[in-house]
Amino acid sequence: MNELSAQSRPSIGRGFRLQWEAAQNAFVLLYPEGMIKLNSSAGEILRRCDGAATIDEITASLEQAFSTSGLKTDVIAFVAMAHEKHWVSLP
Amino acid sequence: MNAAAAPADAPSSVSGPVRPGPPLWLLLELTYRCPLHCAFCYNPTDFARSGPELDTQEWIKVLREGRALGAVQLGLSGGEPLARDDLEILVAEAHELGFYINLITSGVGLTEPRIRALKEAGLDHIQLSFQDSTRQMNDFLSSTRTFDLKSKVAALIKRYEYPMVLNVVLHRLNIDHVEEILEMAHRMGADYVELANTQFYGWAWHNREQLMPSRAQVERAEEATRRYRERTDRAMRIFFVVPDYFERRPKPCMNGLGSIFLTVTPDGTALPCHAARMLPGLSFPNVKSASLEHVWFESQGFNHFRGNDWMKEPCRSCPEKVRDFGGCRCQAYLLTGDAANADPVCDLSPHHHLVTEATARAVQAPARAGESPGSAVEKPLIFRSPANSSNLFP
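Listed in order, the protein sequences are those of chains A and B. Numbered according to this note's numbering, the first sequence spans residues 66 to 156. Numbered according to this note's numbering, the second sequence spans residues 12 to 405.
In isolation and in its complexed conformation, chain A is listed as follows (with noise of 0.2 Å):
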């Protein structure tokens, strides 16, 4: 199990898979017989998890998408709670 720090690339854990739902207007992430509805905020933090971005880089990249600064408490919180229910994994 690999720590989590600002230069980890977390990516979408296996067995689920982010999309967005127009009919739901948020993103959502299925597995196996369910769904997860996100909320605004952990829907563009997950987007964000391509495996090749770190932590500061999606960071950055939500600051300067919503015109705000500050994020990065709030990412490494959600991501290591994303990661501890397996929604995100660490290479």
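Source of the hints: derived by calculation from the structure; they are not laboratory data. Computed from a prediction, not measured in an experiment: that's the story for all the values here. All clues given are correct.
Taking beta-carbon pairs under 8 Å as the criterion, some of the chain A residues facing chain B (in silico):
(1) G80
(2) Q84
(3) E86
(4) A88
(5) Q89
(6) V93
(7) L95
(8) P97
Residues from chain A that keep clear of chain B, each with C-beta distances beyond 12 Å, as calculated:
(9) E68
(10) S70
(11) A71
(12) R74
(13) D115
(14) G116
(15) A117
(16) A118
(17) T119
(18) E122
(19) L155
(20) P156
Among the chain B residues that face chain A by a calculated CB cut under 7 Å, a handful are:
(21) P33
(22) G81
(23) V83
(24) Q84
(25) Y111
(26) N113
(27) H136
(28) P174
(29) V176
Idealized CB from N, CA, C, for every residue including glycine.
Given chain A's structure and the hints, the job is docking chain B onto it.
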């Protein structure tokens, strides 16, 4: 920015007629053909007189209309869906449309060429059913010789890098084998195991007396599951679906009829749950002549049990109705003769004694592991087969 993952955008409270959200779950029962003859199958006992199966183009129309309505989880079931030789075509179409595709199968017919083709077509997940941990009981309960074949299929599923989800239906004749079942699942490398206690519809309803476990059996099985979870690394996740006959509150069946679930039978009848066709006074359109949009939003059969207006006491004034929706309409109908009654699993129901009497009878003829299958009761199990269906409904 608050990075919580709690479900967002909860619908604001509305008054007036109930406007449902999308049918998030679309289940296609592609065929009633099945190589197994399970005595606990939920398919209707009169399936032999069902009309001809939809053809490929008709199923594709259902997929397109369902996806346009917002359906996202797709179940392909039956019968045995692998009995359809156009399964790969349907999976490819569903994948193209953006469904998450679950194949619910006995594994019979899942050869290496087919699993490879299904993987290439975009199948996301395979749920494999087992009837027991032993060849003898598996084969007896499904009235076939399939245990070794299923074990091979389980290995194929692993090799093609699918999450391994095993489903085992529990009842009086196998519930004492829970520990062995979990060990078998572990040996096969299962990621998830569903220990699904029999729900009494269809063939299971017909065989209820022979399949009903005793309360002591259910408690032993729960205890065995708990012990197993404790002594293993939890890599294998176990879902123990509690048998509702032993509960005091009903299950929130289908999250309320017509709320998130839409199923289509082999002949094209659209239903708000697998068993709803039995409910009197409801009419269900056929997808050959009606659009799924009409089915979902306009049809009498889907609208009748939406909201709370149909409820009788004790549900009508019950604060818990928002949680359990009065339970299961089919169970209310089967046990009390009126689908608008409270599900008699609820101990507030005046008909609750019908449930407790059924479970009490199971105590009088307890099954024991190791006993030859079926010997504990005099009445024979009626296995699901076209011949038995025709016999029951000449």
